[in-house]
Amino acid sequence: MHRLIILMVLNLVTCALNVSAQDGYVPVVDAGDFKSRLESVSEAVQTIESDFIQEKKLSVLADKIISKGSFSFRKQNNIRWEYTEPYRYLIILSGGRVFISEESGQNQYDLESNRMFREMNRFISGCIQGDILKDDAGYHIEYLENEKEYFVKLVPSSRVLREMLNEVQIAFDKADLTVTRITMVEPGGDYTKISFVNKKLNTDIPVEKFSFN
Amino acid sequence: MFFGSCAVSLFSECQCYDRTETGWQEASLWFQNDDSYSLFNATIDIRKNHYTGLMVMNPLPVDGHRVIFMTEFGLKVFDMEFSSAEGFNLYYCMAALNRKPVIKTLRNDIGLITGNERADCPPSALCNEKAGETVYKFKINRNRYYYTVDNETLKISSVLQTSPLFKKVRIEFYGAGGNRPDSVTLEHYNTTLIIKLAHINGIIKTSDE
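Same order as they appear, the protein sequences are chains A and B.
Using my numbering, the letters of the first sequence correspond one by one to residues 1 to 213.
Using my numbering, the letters of the second sequence correspond one by one to residues 1 to 209.
Hint data in this document are derived by calculation from the structure and do not stem from the laboratory.
Every residue, glycine too, gets a C-beta built ideally from N, C-alpha and C.
Honestly, I wouldn't trust all of these hints.
[To be verified] Which bits of chain B does chain A cover? Going by a derived footprint, with three or more residues having C-beta under 8 Å, they are: (1) 35 to 47; (2) 50 to 56; (3) 61 to 75.
[What the hints assert, rightly or not] Below, in silico cross-link-like pairs of lysine-lysine (DSS-like), each with a Cα-Cα straight-line distance of 25 Å or less: (4) A:LYS200 / A:LYS148; (5) A:LYS64 / B:LYS196; (6) A:LYS35 / A:LYS199; (7) B:LYS48 / B:LYS196; (8) A:LYS68 / B:LYS196; (9) B:LYS104 / B:LYS167.
My request is simple: use the sequences and hints to build the entire structure.
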C-alpha cells in the first residue's frame with residue numbers, strides 16, 4: 001500500500017509523455033536559470049485553481065480512457081484533487097492529514113503517523129512548486145524546451161521504481177512557468193497524461209475547500 | 001452422498017434431482033461473447049489495504065480476457081490475462097501485492113468473475129428451483145462451484161465456491177442483461193478480501209491531440 005501511495009504521488013507529481021525531437025525540443029542551454037526563475041515564480045504563487053484532463057493509454061486498447069476533474073492548491077500544502085468523470089473521487093491533503101472520499105465511503109489518515117502519505121504530500125507540493133527538480137539523487141533530470149514550453153524529463157534512479165515508471169515528464173508553460181502537463185510512462189509504453197487547463201493563479205480559494213466535511 | 005448432502009444444506013430451499021445438461025448449456029456466463037472492453041469502478045480490500053480505481057476487462061481475439069486494474073491516477077495495480085490458448089499470464093503486479101498466495105487468489109477470483117476459470121465438465125448435480133432460479137454444481141479437484149442461474153434471463157446471479165467443508169468465495173452479479181453485469185460483489189468467507197465492481201461508461205478518445 002505504501003508503494004502504491006508513493007506511485008500515486010509520483011504519478012500526480014510527475015508523469016510523462018513520449019516526447020522527443022518531433023515536438024522540436026532542444027536541450028535548455030542554462031538549466032540553472034530556468035530553475036532559478038521557476039523558484040521565483042513558485043514563491044509568488046499563493047493559490048492555483050485548474051481543471052484537468054487525464055488520459056490513460058493502454059497498449060491493449062485502441063481507445064484512451066479519459067478522466068476529468070478539478071485541482072486546487074493553496075499555500076502551504078493544501079491540495080485538493082477532485083475527479084468528476086467518469087465517477088466522483090476526492091482526495092484532500094491539508095493540515096497534516098489526508099482525506100479520501102469515494103462512493104464506498106470516506107477515510108482520513110494522519111500524515112505524521114504515515115510516512116507514505118507524508119511523502120505523497122511532499123511530492124505533490126514539490127511538483128507544484130518545482131522542488132522536485134532539486135531531487136538530483138532521486139532522478140536523472142533532463143531539461144528541454146521548444147517555443148512554447150520547458151519540458152523536464154525525470155528518470156527514477158531507483159531500480160524498483162523504474163520497474164513501474166520508465167520516465168516522468170513535466171511540461172511548463174513558458175509564459176508563466178506553471179505546470180501544463182504531467183505524464184508518466186510505464187516500462188511497456190503505457191502512459192498516463194494529466195493536462196491542466198483553465199488555470200487561475202492567486203485567486204481567493206476559501207480554506208473551507210480543503211476541509212474534510 | 002455426503003457432498004450431495006452438503007449441496008442440499010447450502011441451498012436448502014432447492015430440491016436436488018438428476019441433472020440434464022441442457023439447462024446449463026443454455027445458461028450464459030457474464031463477459032462471454034464480449035466484442036469490446038468493459039470499464040468498471042473497482043475497489044479491492046485485501047486485509048487492511050484498500051485499493052480503488054478503474055478495472056478494464058478486454059476480451060481477447062479468440063477466447064479469454066486481459067484484465068487491468070489501476071488507480072484513479074493511472075497507476076497499474078495488476079495486469080493479467082486469461083487465455084484459452086496460453087493459459088494464465090501475469091504481466092504485472094505491483095510489489096505490495098506480488099506474492100504467490102495473493103496472485104493465486106486474484107487469479108481465482110477474477111477468473112470466476114470473468115468466467116475464464118470455469119469448469120469444462122458438465123454439472124454433477126442440478127438443483128431446482130425456488131424463486132425462479134436453478135443451481136448448477138461443479139466439482140473440480142477439491143473445490144465445489146455452485147452457479148445460480150436466473151431461469152428467465154439465463155444469466156448467472158451468483159457463484160459460490162466451497163471446499164469440501166467450508167464456504168470460500170461468494171460472487172453476486174447484478175444486471176438486467178447483455179454481456180456485462182451492472183455490478184459485481186465478491187467476498188471471501190475465510191479472509192478479508194472483497195472486490196466490488198460497478199460498470200461505468202468510460203470516456204474514450206480514439207485519436208491523439
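Worksheet item: Quick one, are LYS64 (chain A) and LYS196 (chain B) close enough, alpha carbons at most 25 Å?
Response: Cα-Cα ~23 Å, so holds.
Discussion item. Does LYS196 (chain B) sit within 25 Å of LYS68 (chain A), going by the straight-line distance between their CA atoms?
Written reply: Distance of about 22 Å is within 25 Å: holds.
Worksheet item: When you check the alpha-carbon spacing of LYS48 (chain B) and LYS196 (chain B), does it fall within 25 Å?
Response: 16 Å, holds
Discussion item. Is the listed coverage of the segment 50 to 56 of chain B by chain A valid when you require three or more residues with a beta carbon under 8 Å from a beta carbon of that chain?
Written reply: holds (count 5)
Item to complete: Decide if the proposed pair is consistent with the structure: LYS200 (chain A) and LYS148 (chain A), CA atoms, cutoff 25 Å inclusive.
Response: 19 Å, holds
Discussion item. Does LYS199 (chain A) sit within 25 Å of LYS35 (chain A), going by the straight-line distance between their CA atoms?
Written reply: Within the cut-off at roughly 21 Å; holds.
Discussion item. Count the residues of the segment 61 to 75 of chain B whose Cβ falls closer than 8 Å to any Cβ of chain A, and tell me whether that reaches three.
Written reply: holds (count 8)
Worksheet item: For the pair supplied as a hint, LYS104 (chain B) and LYS167 (chain B), is the alpha-carbon distance within the 25 Å limit?
Response: The given pair, whose Cα atoms are some 17 Å apart, holds under the 25 Å limit.
Practice prompt. Given that the segment 35 to 47 of chain B was listed as covered by chain A, double-check it with a C-beta distance under 8 Å for 3 or more residues.
Written response: holds (count 4)
Checked against the numbered hints given earlier, the structure satisfies every one of them.
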